Amino acid sequence: SQELEQSPQSLIVQEGKNLTINCTSSKTLYGLYWYKQKYGEGLIFLMMLQKGGEEKSHEKITAKLDEKKQQSSLHITASQPSHAGIYLCGAVGGSGYALNFGKGTSLLVTP
Amino acid sequence: DAGVIQSPRHEVTEMGQEVTLRCKPISGHNSLFWYRQTMMRGLELLIYFNNNVPIDDSGMPEDRFSAKMPNASFSTLKIQPSEPRDSAVYFCASKTSGGAVTGELFFGEGSRLTVL
Numbered sequence: 001s002q003e004l005e006q007s008p009q010s011l012i013v014q015e016g017k018n019l020t021i022n023c024t025s026s027k028t029l030y031g032l033y034w035y036k037q038k039y040g041e042g043l044i045f046l047m048m049l050q051k052g053g054e055e056k057s058h059e060k061i062t063a064k065l066d067e068k069k070q071q072s073s074l075h076i077t078a079s080q081p082s083h084a085g086i087y088l089c090g091a092v093g094g095s096g097y098a099l100n101f102g103k104g105t106s107l108l109v110t111p
Numbered sequence: 112d113a114g115v116i117q118s119p120r121h122e123v124t125e126m127g128q129e130v131t132l133r134c135k136p137i138s139g140h141n142s143l144f145w146y147r148q149t150m151m152r153g154l155e156l157l158i159y160f161n162n163n164v165p166i167d168d169s170g171m172p173e174d175r176f177s178a179k180m181p182n183a184s185f186s187t188l189k190i191q192p193s194e195p196r197d198s199a200v201y202f203c204a205s206k207t208s209g210g211a212v213t214g215e216l217f218f219g220e221g222s223r224l225t226v227l
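Heads up: the sequence lines are chains A and B, in that order.
Just so you know, we're using our numbering here: the first sequence kicks off at 1 and counts up by one.
Just so you know, we're using our numbering here: the second sequence kicks off at 112 and counts up by one.
Note that these hints are calculated values from the structure, not bench results.
A few of these clues could be false.
[Unchecked claim] Dumping the calculated DSS-like pairs for lysine-lysine here, alpha-carbon to alpha-carbon at most 25 Å:
no. : chain 1 : residue 1 : chain 2 : residue 2
1   : A       : K36       : B       : K135
2   : A       : K36       : A       : K51
3   : A       : K17       : A       : K51
4   : A       : K38       : A       : K27
5   : A       : K17       : A       : K38
6   : A       : K38       : B       : K135
Here the structure is a predicted model, which means the values were calculated and not measured.
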């Protein structure tokens, strides 16, 4: 089965700093989804990447997909306390119907 | 739209008791998923329904777990009997397409289960 490994597991950054979260797949990626989860809440969709080299941005969050490396990165510019939460990457599993998820990266932004 | 609605939000029960978690997907969505989230294992897919029919239940841990979708607007996940290792947050998610995943999964707020 496909496994997604996220790094780092947790991150503490000072407000205003940039940061990057990585997601590496054990198998070929046919689509990569990024979600954010606030503590105690459900997952909120951020963006979906489908093609190698694709890059998408949402406000100050940018994600890229490197199909050859079976990897995606999520970059936050000038982090704010509102960016705090757990970021999860998801990819289509073997069934083709559902997403498998990484264990998440916990982000804390300090003033 | 109200989004995916789950109940209860929190459940505390004793080992051996039956637990029923409920989910109302977004109207018009024909695919429904149950996931379980724990610190150790992260977010795991338990079962997937398409047009109310279970398509893939390979993620269901054991026979103590069962899921039903009697109609397009309601699904249940039942654990009987419950055990402390079942403690987790259970999420329900839905989406429009019944085929391969190409769009967004919409998640509910989750049901936090604690089995004592």
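Going down the list of hints, with the structure as the test:
This hinted pair checks out: A:K36 and B:K135 have alpha carbons roughly 22 Å apart, not beyond 25 Å. With a CA separation close to 21 Å, the supplied pair A:K36 and A:K51 stays within the 25 Å bound. Our distance criterion of 25 Å between C-alpha atoms is broken by A:K17 and A:K51, whose separation comes to about 29 Å. Distance restraint check for A:K38 and A:K27: the Cα-Cα separation of roughly 28 Å exceeds the 25 Å cut-off, and the hinted pair is therefore not satisfied.
Pair hint A:K17 plus A:K38 holds up; C-alpha atoms about 20 Å apart against a cutoff of 25 Å. Proposed proximity of A:K38 and B:K135 is supported: the alpha carbons are some 21 Å apart, at most 25 Å.
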